Amino acid sequence: MNECVLVVDDDREIVQAIALLLEKEGYRVLRAYDGMEALEQAMDRSVRLMIIDVMMPRLDGLSAVMKLRERRNLPIIVLSAKSEDTDKVLGLSMGADDYVTKPFNPQELVARVRSHLRRYTSLGDINAPGTGDEIHNGRLSYSPEERVLRADGDPVKLTATETKIVDLLMRNLGRIFPAEEIYRRVWEEDAFAAENTVMVHIRRIREKIELNPKEPEYLKVVWGIGYKIEKVEGGR
Amino acid sequence: MDTRSKKWRAAVSFTAFFLGISLLLTSVPEALSLLTGGSWKRTSVADAFQEDYQNTRAFRDAVASYLEDFLTMAVGGNANYSEYSVSYNGEITSAVMEAAEVADAIGEYGSGGYHGWDDGYDFSVTISPPSSYGSSAQAAHDYFKEDKNVLYDIRYDGEQKYTNAEGTGLDGPNLKLPEGYNFLLWFDGSKVRVVKDGRELDIYGDGYYREGKDWYVPGYKNFTVDEEAARASVVIAAAKSPMLYVRGSYGNSSAERQNNRLYWLEQNLKERRDRYTGMAASCAAGVLLLAVWFLLRGDKRRADAAIARVTGRVWYEGKLLLLLAALVVFLAGPQDALREITYMVREEYLDPWIFTYYAQELSRNGFSLLVIFWSAYLLINDWRHNPKPWKHSLTGKFCAAARASDLKLPLQRRMVRRFGAVLIAAAAFAASALLLYAGFRVYNRDSLFAFLLLAGLLALLLWMLYRFARGNRETARDIGALVGQIAAVHAGGLTMPLDLPEDADLAAAAKDLNDIQRGMNEALEERMRSERMKVELIANVSHDIKTPLTSIISYVELLGQEEELPEHVKDYIRILESKSQRLKTMVQDVFEVSKAASGQLPVTLETLDLGKLLRQTLADMAEQIGRSTVTVRAEIPEEPVMITADGQRLYRVFQNLVQNALQYSLDGSRVHVSLAADGTTAVASVKNTSREEIARNKDFTERFVRGDDARTDGGSGLGLSIARTFTEACGGRFSVETIADLFVVTVEFARQAAEEQAEQAEQAED
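First to last, the sequence lines map onto chains A and B.
Each residue of the first sequence is one higher than the last, beginning at 0 in numbering that gives the first Met the number 0.
Each residue of the second sequence is one higher than the last, beginning at 0 in numbering that gives the first Met the number 0.
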């Protein structure tokens with residue numbers, strides 16, 4: 000593939016580690032160690048994605064993101080040691096596409112890079128097979144007619160029960176379904192030990208669609224109420 | 000305008016006001032009493048301004064009375080003349096004395112009534128003592144004859160009886176007057192003829208006598224004389240300008256003043272003329288001065304203010320006393336009238352006339368009126384320009400001093416003392432009532448004085464009771480405020496400091512409480528600040544740890560991807576991996592716990608079903624539970640148990656609790672997760688049997704506290720701490736109980752009311 004990723008962090012070892020991980024996956028990696036450098040390097044047309052740390056000398060990551068956004072439209076993943084919701088919201092509102100907190104899971108980061116690049120490069124491919132009725136939600140898209148769920152454009156292999164659950168939740172994005180209701184609708188019989196059964200399936204679906212199943216972005220448990228697929232803005 | 004001229008104008012304005020008011024006050028009441036005194040007085044005012052004294056009523060009355068006396072002398076009856084004295088100022092007394100002396104010397108008192116002269120001059124005539132002197136005609140003649148202002152010739156049956164006009168050429172029938180005399184009255188036995196300045200006057204008019212208007216002489220159709228008098232003829236001449244006649248009678252070691260009635264009459268008229276003129280002048284001057292004041296009235300305000308500054312320093316009682324004294328002096332001034340009134344009151348007969356008289360007498364006391372007016376003026380001026388002038392008073396100072404000494408006593412002494420005063424007053428009242436009753440029983444007589452004393456004591460008692468009640472009410476109110484404040488401070492509300500009046504009984508207590516509250520607030524702020532600093536420190540530290548940790552995790556991952564490594568190195572890498580993951584969790588946990596402990600943890604409260612949350616948690620952890628050696632027994636009711644909490648945080652709570660239970664339970668034992676709910680509360684509990692013996696007296700929710708001190712196993716030691724702080728951040732109660740080796744954790748939440756649940760259900764269905 001040889002797609003080019005720009006990695007920016009003032010900690011050279013971290014840049015090196017990420018570069019190694021990405022190169023193993025077959026990406027070409029450019030390195031930068033502060034915001035100014037990042038802006039220069041990002042002007043290289045071959046750069047398809049940028050991973051950038053927030054706290055850096057000369058020009059901090061968020062400012063660099065803002066400046067870059069004026070000139071280029073490419074996926075940006077922000078890395079930060081700040082893990083609070085307010086920091087995440089701030090980062091995303093500055094123009095970042097994703098926010099990953101340190102210390103991150105290396106596999107997850109690589110998966111995110113892959114996901115963003117796929118969506119960025121094969122934009123047309125995602126919509127191509129669709130008939131127009133598809134439901135798009137972030138990385139996910141669901142075709143009710145075909146009953147196929149795609150993640151980053153790739154069809155996800157689901158069992159019949161899982162497909163039914165996904166069908167219910169994708170058709171009602173953001174709506175919370177209690178376990179009993181999911182059970183009744185999917186199994187079409189009275190709920191019995193619904194919570195356990197539904198939870199097992201939810202966990203399995205997560206393994207297939209989430210980048211980090213332990214911190215799901217889409218299929219979420221609303222504790223004490225039910226389950227839902229989060230409606231994510233910016234679906235491409 | 001500069002200050003100097005301002006001062007000047009103020010002084011001028013005030014002086015004009017002062018003089019104007021003073022002049023008017025001294026003259027206007029008299030003038031009013033003259034103007035409202037009826038026709039009689041108006042005539043007398045008119046008389047005073049006559050050029051010729053003979054044109055006055057007083058003169059006519061004098062001549063008429065002379066005629067009366069002379070006729071009496073002519074018929075030889077007892078002349079019933081009454082002495083009058085007319086004078087002005089200091090001479091009144093001497094004239095009266097003289098008359099009395101004369102009468103005494105004569106020593107013969109006639110019988111019959113008296114005829115008093117009243118010249119109608121309310122201010123210049125003193126009615127002579129109401130004694131009448133009956134006197135023989137000769138005595139009367141002796142009395143009258145030396146006063147050459149009046150010449151007379153009295154005849155009876157044509158025979159001359161008495162005269163003092165020998166050799167003067169006075170001739171009645173021919174109406175001839177001697178030199179220096181210009182008035183003549185001739186009574187021929189039936190009628191009177193009067194000649195003045197050679198011209199005869201018409202006396203009778205239409206021939207009928209009317210009181211107060213005509214000459215009081217016989218000859219009218221309704222005023223005739225009897226037969227005896229008809230035989231008499233009298234001629235009277237009056238001097239053009241009366242003189243004072245004095246006759247030395249040194250045998251009696253003094254000079255005798257004669258009757259001199261006409262002389263005094265004329266003098267009187269002159270005096271009155273001057274007086275009236277003066278009155279009018281002072282009225283006019285007063286009005287003029289007031290006009291000046293009116294023009295500069297704005298400037299007078301400044302003068303008033305300046306005066307008020309001075310008077311403000313005088314004790315209030317002084318001003319009141321001055322006013323009161325002036326009032327008393329003024330009202331008690333006309334003692335005769337007052338005596339009369341007292342007498343009338345005693346006789347139970349009040350003639351309204353007396354009040355008119357009293358008012359007239361009052362109006363003559365111009366000076367007292369002035370004093371009253373100006374003291375009242377000062378008092379009112381004081382009110383207008385000084386804020387609360389009555390505060391500056393001797394009584395007030397005394398009370399303040401008493402209060403100040405009172406305030407030095409402790410509260411309980413003060414309360415007792417306050418009641419003591421009431422007690423003393425009550426005792427005094429009761430004692431005097433008893434005494435009065437005893438006196439009544441013994442002497443069978445009630446005394447007004449005792450009654451008044453009793454009434455006074457009762458009033459005093461009531462007043463003391465009122466003060467006592469008021470003091471108690473105030474103290475009760477203050478106690479209420481103090482108790483409320485204590486409750487507020489106890490509740491932790493950062494309320495305003497309690498502000499009681501300086502002299503309140505509980506002022507000291509309130510001040511102490513305020514100090515305590517301030518101290519508490521400061522301590523609380525200090526604590527908050529240090530908590531915040533701690534959180535910041537932890538945030539910084541955790542951030543600093545995160546960066547190297549990122550490298551560690553990343554390179555461990557890279558190491559793990561190496562394939563040609565010996566098996567034991569792969570084991571090492573797995574250990575590194577798991578420990579670095581644990582480190583990651585710990586850093587996160589420490590950060591969150593410190594935030595939650597300082598109240599900075601954001602929570603999103605929503606209504607949720609605690610039972611469902613527990614089931615979800617257990618389902619979520621099903622794998623972990625399956626891998627462990629213990630069994631989880633859940634007793635969770637099917638029906639919803641709605642509470643308000645942050646679901647995500649609460650999930651962490653129960654996750655931690657179940658994890659803890661799985662980790663520390665005895666192999667093969669059971670973990671009980673149960674939920675019980677009554678009307679108001681929902682209680683979830685996790686019970687497990689500990690593998691190790693549980694150490695006593697250990698707070699497991701303290702940070703970094705674990706059942707075993709070795710710290711060799713997994714877990715940050717923050718599990719229970721996180722559970723507790725998260726529970727409390729959501730508004731729940733968290734408690735840990737150990738019974739032997741049984742470890743019980745209870746999480747308690749207030750249950751939502753039934754109707755709210757119904758509402759929530761409805762909304763959920765929409």
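Please note that a few of the clues may not be correct.
[To be verified] List of simulated lysine-lysine pairs, PhoX-like, C-alpha gap at most 25 Å: (1) B/K510 / B/K407; (2) B/K583 / A/K87; (3) A/K23 / B/K569.
Rather than coming from a laboratory, the hints here were simulated on the basis of the structure.
Since the structure is predicted, the reported quantities are computational estimates derived from the model, not experimental observations.
Hint check:
no.	hint	verdict
1	B/K510 / B/K407	15 Å, holds
2	B/K583 / A/K87	19 Å, holds
3	A/K23 / B/K569	19 Å, holds
Going down the numbered hints, you'll see the structure goes against none, and every one checks out.
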